[in-house]
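So the sequences go chain by chain: B and G.
Residue 60 in the numbering used here sits at position 71 of the first sequence; the count goes up by one each step and never skips.
So the number in the numbering used here is just where the residue sits in the second sequence, counting from 1, plus 44.
These are computed hints drawn from the structure, not numbers from a lab.
Careful, some of the hints might be misleading.
Derived SDA-like pairs (lysine to any residue); straight-line CA-CA distance at most 25 Å [said to hold, decoys possible]:
| hint | chain 1 | residue 1 | chain 2 | residue 2 |
| --- | --- | --- | --- | --- |
| 1 | G | K191 | B | L217 |
| 2 | G | K178 | G | R242 |
| 3 | G | K154 | G | D187 |
| 4 | G | K191 | B | R270 |
| 5 | G | K155 | B | W275 |
| 6 | G | K191 | B | L22 |
| 7 | G | K191 | G | I229 |
| 8 | G | K178 | G | Q146 |
| 9 | G | K154 | B | R266 |
| 10 | G | K155 | B | L273 |
| 11 | G | K155 | B | G185 |
| 12 | G | K155 | G | D130 |
| 13 | G | K155 | G | G133 |
| 14 | G | K167 | B | R270 |
| 15 | G | K167 | B | W275 |
| 16 | G | K167 | G | S194 |
| 17 | G | K167 | G | L226 |
| 18 | G | K155 | B | L201 |
| 19 | G | K154 | B | G185 |
| 20 | G | K155 | G | D217 |
| 21 | G | K191 | B | I170 |
| 22 | G | K167 | B | T206 |
| 23 | G | K230 | G | R262 |
| 24 | G | K191 | B | R276 |
| 25 | G | K155 | G | G166 |
| 26 | G | K154 | B | I178 |
| 27 | G | K155 | B | T206 |
| 28 | G | K167 | B | R193 |
| 29 | G | K167 | B | L272 |
| 30 | G | K178 | G | R241 |
| 31 | G | K191 | B | D174 |
| 32 | G | K155 | B | S187 |
| 33 | G | K191 | B | V109 |
| 34 | G | K191 | G | R140 |
| 35 | G | K191 | B | L205 |
| 36 | G | K154 | G | Q175 |
| 37 | G | K154 | B | R193 |
| 38 | G | K230 | G | D278 |
| 39 | G | K178 | G | L226 |
| 40 | G | K191 | G | E218 |
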Amino acid sequence: MSISHAPPSSAETDIPLKSNFENPPAVDVVPLLPTSSRRTRVPRWLRRTTGPVLLLILWQLLSSTGLLTADVLASPGRIAQVAGDLIADGSLPSAMGTSLQRVAGGLALGTVVGTGLALVSGLFRIGEDLVDAPVQMLRTVPFVGLIPLFIIWFGIGEAPKVAIITLGVTFPLYLNVYAGIRGVDSQLIEAGESLGLSRWGLVRHVVLPGALPGALTGLRYSLGIAWLALVFAEQVNADSGIGFLMVQARDFLRTDVIVVCLIVYAFLGLLADFIVRSLERLLLQWRPTFTGR
Amino acid sequence: MATDVHRPVNPKADQTAQATQAVRANGTVQAAQAVHVEGLTRSFDGRAVIDRLQLDVRPGEFVALLGRSGCGKSTLLRILAGLDRDIEGTVLVPRRKAVAFQAPRLMPWKKVWRNVLLGLPGKPGRAVAEQALKEVGLEHRTDAWPKTLSGGEAQRASLARALVREPDLLLLDEPFGALDALTRIKAQRLVGELWQRRGCAVLLVTHDVEEAVLLADRVLVMDDGVIAHEQRIDIDRPRDITDPRFAELRAGLLERLGVDTAAEAA
């Protein structure tokens, strides 16, 4: 066996000692910069916005060179101008108001119906037997296909539009709230029982809070579907609202107005998502897994 | 001795029998036993997990229930907790009872102090919860969310939630099973102290023989759906696990449970 590293005591004698404290030798020192100080050239947000901006510039270039005609797609500049005009003459705000009202109405009704049905079938066995099967059957019907029937039933006013949104909102909420209620940890329910909670106390303190994450997921789906339903409802038969604005623009080949309306839809969708996120942050702060800051 | 201070009632064996009669005669009130179980049977799919079981626990007595897994000891605890009513036979338990489970089972959506007060009659204030949390050394976590607690802290919160009910019977279902070794020693010590201070009857279900001998006045071994063996532990408290009597009792109980301890005993 050989020892590659000799004990330091024997080697020390050969190396001349350099411990000259009065006159230390000069050492070549290099500053080690923190990584953050070296990467400050372009901020991240700027880099992230570069892509979309380049796309916009390309779009504008294609439009101004005539490669992309206004019949196919209006130029970004034109769209911005039209948006300004539509806001100025009040037609866009009023259309937005009408559409928002429809979504709010449908959403409110759908939330009440969906959550109500889910509570009935989630909390009571008899409710489950009575409610769950029909709801699961109805769920498979594409709700957009019911528009003609709704027009026959409710006419062409606001009712069929709100009804179609209600229908679209009801099912995802029902499914998620129901699954949330049934997914509550049975150990927690047992613990609640052992603490002397009444049936209503169990529902209030254990079942409903436990179902809340599922309910909020359902609400998110529902909001997405609410906008989808709105687009369908407004394009079939409407004399006001964003969808109506789009149908009108289609008849006059106004791609600029159509794009403005699409942007409004996207913006409203983002707004809805923001609201749900805020709700989650407020109601689910007990979850350490929640990372949507 | 410290062992006896907590006991408000300490009936002798013959008095116990009479008192049990009295309970049966007049129904519910003023029982001389904290727990009285007679001819209890609980079957799952025709198989009797608990088969005509007898059990009496005196007020203020600390009883440990040992047994192999699947012997029905947790089922018995659930029955005494009132969580399983699918039973035959007589079961008398105090109106005020509390359970601490193996998992702390705190409601994750309620802060610790609200968990402690959950299910209490009336509208007790936060101070009540704070007092109970202080007793288990958790006053600094009053406002925490349960999911931010460590395992030992959560178990102590669960204990505070049980104790705030001022139970006459405290049911503990392997409450230290999921804790690490050091935390478990502290938690066992805490339970011992709390029991001596509160003077409530305790039924501790466990599979840890050492824990049973350390804490209990009486150790029961459950087998085949009945109490197959009973062992009084007369060692003075605080108990020392290095005491030869301790080792002897432990070896005897392990043998009862079917674990050969010849090598250890030698």
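Check the hint pairing K178 of chain G with L226 of chain G against an upper bound of 25 Å on the C-alpha distance. holds (21 Å)
Do the alpha carbons of K155 of chain G and D130 of chain G lie within 25 Å of each other, as the hint requires? Violated, at roughly 34 Å.
Decide if the proposed pair is consistent with the structure: K191 of chain G and R140 of chain G, CA atoms, cutoff 25 Å inclusive. Violated: K191 of chain G and R140 of chain G sit about 28 Å apart, past 25 Å.
CA of K155 of chain G to CA of G185 of chain B, is that 25 Å or under? holds (19 Å)
Hey, K155 of chain G versus W275 of chain B, does the alpha-carbon distance stay inside 25 Å? holds (8 Å)
Satisfaction of hint between D278 of chain G and K230 of chain G, Cα-Cα up to 25 Å: Roughly 22 Å between the alpha carbons, so the hint for K230 of chain G and D278 of chain G holds.
Check whether the Cα positions of K191 of chain G and V109 of chain B lie no farther apart than 25 Å. violated (30 Å)
Please work out if K191 of chain G and L205 of chain B have their alpha carbons no farther apart than 25 Å. Holds: K191 of chain G and L205 of chain B sit about 20 Å apart, inside 25 Å.
Check whether the Cα positions of K167 of chain G and L272 of chain B lie no farther apart than 25 Å. holds (23 Å)
Does the alpha-carbon distance linking K154 of chain G and R193 of chain B stay inside the 25 Å limit? holds (12 Å)
Keeping to a limit of 25 Å between CA atoms, is the pair of K230 of chain G and R262 of chain G held or broken? holds (21 Å)
Distance restraint between K155 of chain G and S187 of chain B, which requires alpha-carbon spacing of 25 Å or less: Holds: K155 of chain G and S187 of chain B sit about 20 Å apart, inside 25 Å.
In the structure shown, a violation is registered for the earlier hints numbered 1, 6, 12, 13, 14, 16, 17, 22, 33 and 34, in ascending order.
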